[in-house]
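Peer 1: One letter stands for each residue in the lines below.
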Amino acid sequence: MAGLTLRNVGKSYGALQIMQGLNLDIHDGEFLVLVGPSGCGKSTLLRMIAGLEDITDGTIAIGGKVVNDLPASRRELSMVFQSYALYPHMTVAKNLAFGLQNFRMPRSEVERRVAEAARILQIEPLMDRKPRQLSGGQKQRVAIGRAIVREPKLFLFDEPLSNLDAELRVQMRAELASLYARLGTTMIYVTHDQVEAMTMASRIVVLRAGKIEQVGTPQELYTRPQNLFVAGFIGSPKINMLAAEVRADGERSLARVAGFADFALPGLATRDSRLTLCVRPGALHVGGGEVASEGTIRLVEYLGNETLLHVALASGQVLLASIYGQASYRAGQTVPVGFDLADLHYFDASGQRLEPEMPAPVPAQAVSGSA
Amino acid sequence: MSLDDATRLAHDLKLRRLRRERNGRLMKHAFLIGVSCIMLYPLLWLLSASLKPENEIFGNIELWPSAFQFQNYTKGWHALPESFTIFYVNSTIVTVLSVIGNLLSCSFAAYAFARLRFTGRNFFFALMMMTLMIPYHVVLIPQYVQFLQLGWVDTYLPLVVPRFLASDTFFIFLMVQFFRQLPRELDEAAMIDGCSPFKIYWAIILPLSLPAMGTAAIFSFIWVWEDFLAPLIYLNDIKSYTVPLALRLFLDQEGQSAYGQMFAMSVLSLVPVVIFFVLFQKLIVRGIATSGMK
Amino acid sequence: MADFTRRDLLRTAGAAAAALSLAHAVPARAADRAIRLFWWGNPDRDKRTFEVIRSFQESHPGIQVSGETIGWSDYWTKMATQTAGRNMPDLVQMDYRYLFEYVRRGALKPLDDHIGKSLMIGTFDKAAVDGGRVDGKLYALNIGSNSQVMVYNAKAFEAAGVKPDIYAWTYDDYARVCEAVTAKSGGRMKGSDDLSLNIDMLEAWIRQNGREFYDADGKVAATVEDAATFWQYWAGLRKAGVVRDKNKTVLVSPPLSETGIVTGEAAIGQHWSNQLVGIQALMKDPIGAAMVPFMQNGKPGQFIKPSQFLSLSRDAKDVEAAMLLLNGWVTDPKLTAILGMERGIPCSPQVRAALKPSLKPVEALSIDFFQAIQDKVAPLPPPPPKGAGEVREAFTRIGTEVVLDRTSPRQAADMFIDEAGSILERAL
Amino acid sequence: MKRFIARNAPGYIFLLPWFLGFFLLALGPILASLYLSFTRYDMVNAPRWIGLGNYEYMFMRDRRFWKALEVTFHYVVLAVPARLVMALAVAMLLDKGLRSIGLYRAIFYLPSLLGASIAIAILWRQLFDANGVVNQALASLGIQGPEWLTNPDTSLYTLVVLAMWQFGSPMLIFLAGLRGIPRDLYEAAEIDGTPRWRQFTRITLPLLAPVIFFNLVLQTIDAFKTFSSAFIISNGTGAPADSMLFYTVYLFNEAFKFFRMGYASALAWVLLIIIAIFTAAAFLTSKYWVHYENERD
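Residue numbers (numbering that gives the first Met the number 0), protein chains in the order written: chain A, 0 to 370; chain B, 0 to 293; chain C, 0 to 427; chain D, 0 to 296.
In case anyone wonders, no lab produced these hints; they're calculated from the structure. You may find that some hints are simply not true.
Pairs of lysine to any residue, SDA-like flavour, derived with a Cα cap of 25 Å [what the hints assert, rightly or not]:
#1 C:K218 to D:M163
#2 D:K66 to C:K238
#3 C:K283 to B:F67
#4 D:K1 to A:T43
#5 C:K238 to C:D31
#6 B:K238 to C:D31
#7 B:K198 to A:L45
#8 D:K256 to C:R313
#9 D:K256 to B:R183
#10 C:K316 to D:N44
#11 B:K198 to B:R183
Quantities reported herein were computed from a predicted structural model and do not represent experimental measurements.
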């Protein structure tokens, strides 16, 4: 087991710089998820850690040891690939044992570990099959088995669940989580699915265009997204974003959001006149709120324990509201909609998070008119 | 869709497919047999020519000989100053060594071109392709001079050594195309499993490329076995002649030729090739569909 | 790998071969002197020649002769390669067509200095020996003479009731014979092959017109008129339908078995006297040998030419040993008996006399023919210049256009003489 | 530097045999032939430098050079597609699970085994004779066949037929390639009710593209270099009337019959450039239609 340190890591293909100045500390025993939209460099980063891709700048250290020039085979890590990459010409047993034999492990030890892995993953009946005789879920287990027999310091997962159907994905997610609980080894897990990230990670790294947007626990990311991108990326259903114009009104700053009455903002360390205010669908109140307006329900999505309403404001913007339990709303209905200032996330014109300096003041009832 | 529906649909599909396949199979066989006849004609003709009296070989399109000249075979075997036994041994030595050389050296180079990253890869690949394009006849003489200076003329070295040095670039290109088809994640998985590049080549790429290797082995065998230009230039001693070279001893432009015997020996010279073909074509069939992993 | 030599391989091969058949042991004689002999051939010739080598080595234990052989079509490729590598065998078999190309480029050594010392050919037919002279020097020793011969199907002649004077017939006679044979067979057997593409026939034609194809300076001396009339003559026969189908004509140098006389599609064909044996072997009907037809004025056109030579190459190292073999080849009764007439008619009267008793009928026919034409043939023409080989090909190519009626004989003749000129110019 | 070595070492080590072969054995003769192309060389005497003389003669004065180019191009355009289509069609027939498929495969390869032997030359002459098997077959359909081999207008087609009929090697390569296409793709398409033709264009062609590309490039190179069949069937001359005067036949005759190795070398380099242009074009366009699975760079 080992921690991992990235210092100023960069990657370029010729003149094309795709990653620059990346710094990251991964703690020993952590389940770190790299998440981001496709093309954000998360797989490349994982492959750089694995040693499958050269780094052009900086250093990568595993367990305190710089591994820049160490080939993948000597980094003492294992990796589960999106396509599983099982050796098609070998049986399951051979697939599991192959890596161990490469490290010249005694036969008895190989057999012990393979048996152990097979037991953990419940693939014992499959040991003599070839990969093409396996179902997707079975292949996935074998791929994981191949990773765990090595007893590596570090596990790398490259979107391992993306080829599975939804049901199987949920099941495997749970199994991976319990595997992590059992092994306690450092794991780095790449996915584009923020639900996977939220459910499994001890910490999440959100990447965009080769840059780290935020690192933090799932809660941190959810409750205090550091920028608009993270706010938009983490959380499902997606956060509502409202463009606000700010003007000074004496001591106070007033915000104007299309469709709402102007309201006073808490103290924010910015002089930008255009902010973005975000509110999670769960915090959007249908039927009131400190700041309120009216909207027309365009669509009702009934999800069982919650109901999702798509509410169009007069301005045309559609907001999402998530309501617990069953609600008797119909499409076409006009409803009041609003939010409380305490639930707002504030972002400046460059998309960076702003922390309110004091508790939100009383709503600005005095301010009249709505746009 | 319920499970029952699914089973029924699958069953239906299967029945339909079976029915269509049976009809299709019959038609296919009929077609293939027809084509086979056209394909077999030259061999039958050759066989019949090898059994015909000399004056029936030409002008007479009848396949059935008026009298069977089996002595074309027995006499042909010993018609030349050395018996064909020697020529077969020689051909076998040259061919077997060449096939081994080709498979080893070309798969090495192909693995490098298809899988490894190194400076100048495209440049070297272009150079390699160039050697495929140059008409052989104009390098014949410089090559002869070169081997002469090495003292290799009148030995098998000029025929065998280049093949251990990947001179038949056709096979490199062939293998490159097949290697590139294998999922790269297999190499990467193997890398992480502690494989050196050589181990990846040996334990992953080669076993997964049996169809390509089988194809290369077959071509290599056939081409070396049938090659006569290089043996013609480099072999002087009739005791070292290969079978195709020996076949060239039968014909005289102006004087008496022994066509019947030559054809008889030509028929026999095909036997090892056909045997090799039948043995190695199984490799092609046994290929593993690796690209179906996604 | 470095020690991996042919000898090792041969030893392996030898062992394996010995296991399979007890026949062939590789003689591992250590000779201090070694020469190489290179010829083209056929199975019969190869066996005879290896037998000559064996016999020669027996009487000359100090000399190792390696015999190298390959069929005609590959012979010249290999020869050129070895020449370029300066690795020519000591003695090489030469053909009249290639002799001048090799001599003029300096690939062969003259033999004159050895005559009378190690090469005892004083009693040989002078004309036959002179066939190997180029620019006054003897570069090639005749090992078999030859002449053009019109081979005819004697049975067909008899059936058609024609009895031409085969040593004096004219082109008109020839046409009449063709008509008669064609008529008699109902067109199944034509009178003759169509010889429009046969440059030897053209050469005879030109000489019969009193000129040479190439003059002594190596220039084209033949005229457009010569070529045009030649092609016209054959076009006339073609039009009359008494020669073989044009589609067979344009197939260049077919194997003996596909020539008109052998397939029975024609009663006359042009061949060389050393081919008589081979032709008869392929045919049921008896054959006869006639001279090339004459013009009205009766000037001779054909000549006796060496069919094959042996030459000493510029790369020969042990010239003395080579001379021993060469001299033995044409004078040693043991060797000449092995060789027989396979390469043509020997130019030594003694050898011919020694062979006479054991000849087969068809071999006798060729000797008789050879004797009969001795005083009716023309002298040797001046040796052809460099590029003559290419002129031959141009002739065939342009002649094909005439035969296929894509151009007129006169136009073609114009084109041919013109092209021959420029070929020779380029070859200089 | 150390990194350079570490990065490149495996590649160079695997290429070592080829490097040795190329730089020690192949490159010398190739450069020599390039040098010879600027000389007059009769193979007996030392080559004599004549600068661009050979090239000048070739382009300005040599009518047969242009004829040879014409014949060769004509052949390439006809024979390559014909042979590839034939090979692919048969390979697909043989790919699906028929019993005794091995037998057919062997039978279909047989013509290619005979190569360009003397037997083929004689056989071809008999098949395409004015009264040969081909014309007899045509006559039974009421068609009067031409005199195939001796008519300069048709003789080339007999070689195209020969090329089509000897489709064994591209067929075998196609077969090997078809084995790599996973069955389940077809099964899925079958369930979707995809018609056969679309299965072919949507599954077979794209997945076979690398192999098709290989065959296309190689067959084109081979066709440009066609020698043996043309040489043996035209008796080494390109006859009748130069209608089978393939480029390499012309080159061979210039070199070995007429002792113009220098000129032949120049011919060879011109051919090399022509082939290289075609090959480069194929490689450049391959980006758009050849996709390798999992290829990252």
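Peer 1: When the structure is checked against the list of hints, which entries are broken? Sort them ascending.
Peer 2: 1, 2, 5 and 9
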